[in-house]
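Chemist: Fit chain B to the supplied structure of chain A, relying on the hints for placement.
Sequence order for the protein chains is A and B.
Just so we're aligned: the first sequence equals residues 1 to 320 in the UniProt record's numbering.
Just so we're aligned: the second sequence equals residues 1 to 129 in the UniProt record's numbering.
These aren't lab readings, by the way, just hints derived from the structure by calculation.
Straight-line alpha carbon distances no greater than 30 Å define the calculated DSS-like cross-link-like pairs of lysine-lysine that follow: (1) B/K5 - A/K263; (2) A/K247 - A/K263; (3) B/K5 - A/K250; (4) A/K236 - B/K5; (5) A/K219 - A/K250; (6) B/K74 - A/K59; (7) A/K131 - A/K59; (8) A/K122 - A/K100; (9) A/K122 - A/K69; (10) B/K5 - A/K247; (11) A/K37 - A/K122; (12) A/K305 - B/K5; (13) A/K236 - A/K250; (14) B/K5 - A/K256; (15) A/K299 - B/K5.
A few chain A residues facing chain B, derived, Cβ under 10 Å: (16) T9; (17) H13; (18) T26.
By construction, the Cβ of each residue, glycine as well, lies at the ideal position given by its N, Cα and C atoms.
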Amino acid sequence: MAMRQTPLTCSGHTRPVVDLAFSGITPYGYFLISACKDGKPMLRQGDTGDWIGTFLGHKGAVWGATLNKEATKAATAAADFTAKVWDAVTGDEVLTLAHKHIVKSVNFTEDSTCLLTGGNDKVLRIYDLGKPEAEPLEIAGHTSAIKKALWCNNDQQILSAADDRTVRLWDKNTKEAVKTLAFDASVSSMEYIPDGEILVITYGRTIAFYNANSLDLIKAVDAPASIHSASLHPEKDFFVAGGDDFKLYKYDYTTKEEMESYKGHFGPIHCVRFSPDGELYASGSEDGTLRLWQTAVGKTYGLWKCVLPENLDGKYNTAI
Amino acid sequence: MSGMKTPVSVLRLPRGPEPNSRGFDPTSPRFIALCPTTLPSSSSSSGSADEEEQRLRAELRERFLRTLLLMTGKRVRFDMHEHVRVHARFGASDIDVLNLQVCDLETPLGVQREALLRSQDVIACSFEV
Numbered sequence: 001m002a003m004r005q006t007p008l009t010c011s012g013h014t015r016p017v018v019d020l021a022f023s024g025i026t027p028y029g030y031f032l033i034s035a036c037k038d039g040k041p042m043l044r045q046g047d048t049g050d051w052i053g054t055f056l057g058h059k060g061a062v063w064g065a066t067l068n069k070e071a072t073k074a075a076t077a078a079a080d081f082t083a084k085v086w087d088a089v090t091g092d093e094v095l096t097l098a099h100k101h102i103v104k105s106v107n108f109t110e111d112s113t114c115l116l117t118g119g120n121d122k123v124l125r126i127y128d129l130g131k132p133e134a135e136p137l138e139i140a141g142h143t144s145a146i147k148k149a150l151w152c153n154n155d156q157q158i159l160s161a162a163d164d165r166t167v168r169l170w171d172k173n174t175k176e177a178v179k180t181l182a183f184d185a186s187v188s189s190m191e192y193i194p195d196g197e198i199l200v201i202t203y204g205r206t207i208a209f210y211n212a213n214s215l216d217l218i219k220a221v222d223a224p225a226s227i228h229s230a231s232l233h234p235e236k237d238f239f240v241a242g243g244d245d246f247k248l249y250k251y252d253y254t255t256k257e258e259m260e261s262y263k264g265h266f267g268p269i270h271c272v273r274f275s276p277d278g279e280l281y282a283s284g285s286e287d288g289t290l291r292l293w294q295t296a297v298g299k300t301y302g303l304w305k306c307v308l309p310e311n312l313d314g315k316y317n318t319a320i
Numbered sequence: 001m002s003g004m005k006t007p008v009s010v011l012r013l014p015r016g017p018e019p020n021s022r023g024f025d026p027t028s029p030r031f032i033a034l035c036p037t038t039l040p041s042s043s044s045s046s047g048s049a050d051e052e053e054q055r056l057r058a059e060l061r062e063r064f065l066r067t068l069l070l071m072t073g074k075r076v077r078f079d080m081h082e083h084v085r086v087h088a089r090f091g092a093s094d095i096d097v098l099n100l101q102v103c104d105l106e107t108p109l110g111v112q113r114e115a116l117l118r119s120q121d122v123i124a125c126s127f128e129v
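Chain A on its own, in the form it takes in the complex (with noise of 0.2 Å):
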């Protein structure tokens, strides 16, 4: 019997949730974070979307967050012009970077030992977190705000992705771009898919998938409506994307068909991603809430349970 998909709704936040990322599989599991315009980034854990804790001490929307793969750190990025680097165990602060403006990106290395901002002061700046006191790398060049920042190829060079409509590929050596691609639209989003160096790029419409390290495009999809992110499963079998209709989408990534679409937020969906291991995706929305989606409808993994039809009793049903 086909099911019908029934999406996790976490609440907790006031405002849009503008960011989320999700850390890689630990021992207790692989988790969650949320960043969101009421200052307040949350932790969650990522299977079942249970909160663990709150990071308080910004002043301002958290435009950026990310994890380490062993979720052990977090990183934001503010409206406060300061990036502030947490321990996710304790919830504590462990460092606070100031910045001349508003900081929209954060990214950790591999290894964790450094960190990559980027902003509206349109300067990349990487952090040796060993030692903070020091001054950090700046590599300029984008000429608007940027919006995204990521590592790549081993954490040898980096991604930007800028209101200038540019993505840039620097290499970090050297502090010179490699390579520019150029868009008529805005990038929306940006994604890095280390497993066969895959960066997933959208802006209008469109959804495009190109090669990390020669920036060649590998192919693109338009959506029915303006997408605002977008993420790959680590199968490459499907991606998802979300965007203005309040819809999220999933794809067939090697056809380009469209399989579903699926509504449940009452607002603009901002950022989409799947979980490290594929079973999940979330979602964040202008609605103030994230939603958890099933990859694959009906299988019991988390908070989903697989119910044979003879013992639908409509005791467990709690469609939302």
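Modeler: Then chain B, alone, in the frame of chain A:
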């Protein structure tokens, strides 16, 4: 039949934030495994350090509340974010000190008879005792 898909069953909803706590449960397996040194010890030395801290906190809190009482009815200068400085007559604060009720607030646009100032926007207040 095609419109009659059964929704997937759910064990419960995801747990939301606790109202009075920032979370990060120190009794969780992950916390205990990764932060053994931050567990409160039962030795008397750390116990008295906690008590001393509690005493100091209580003293600071009392001082703050008495300052608010003393400020009532007085003309106060509020230094706020974005280099804003205004004068007003202080009335009261709400229970969580989220808002400050003032009257005759002098602003660049004129004098506001009654106003509420958001505490989070205020950096400092000064007044003549």
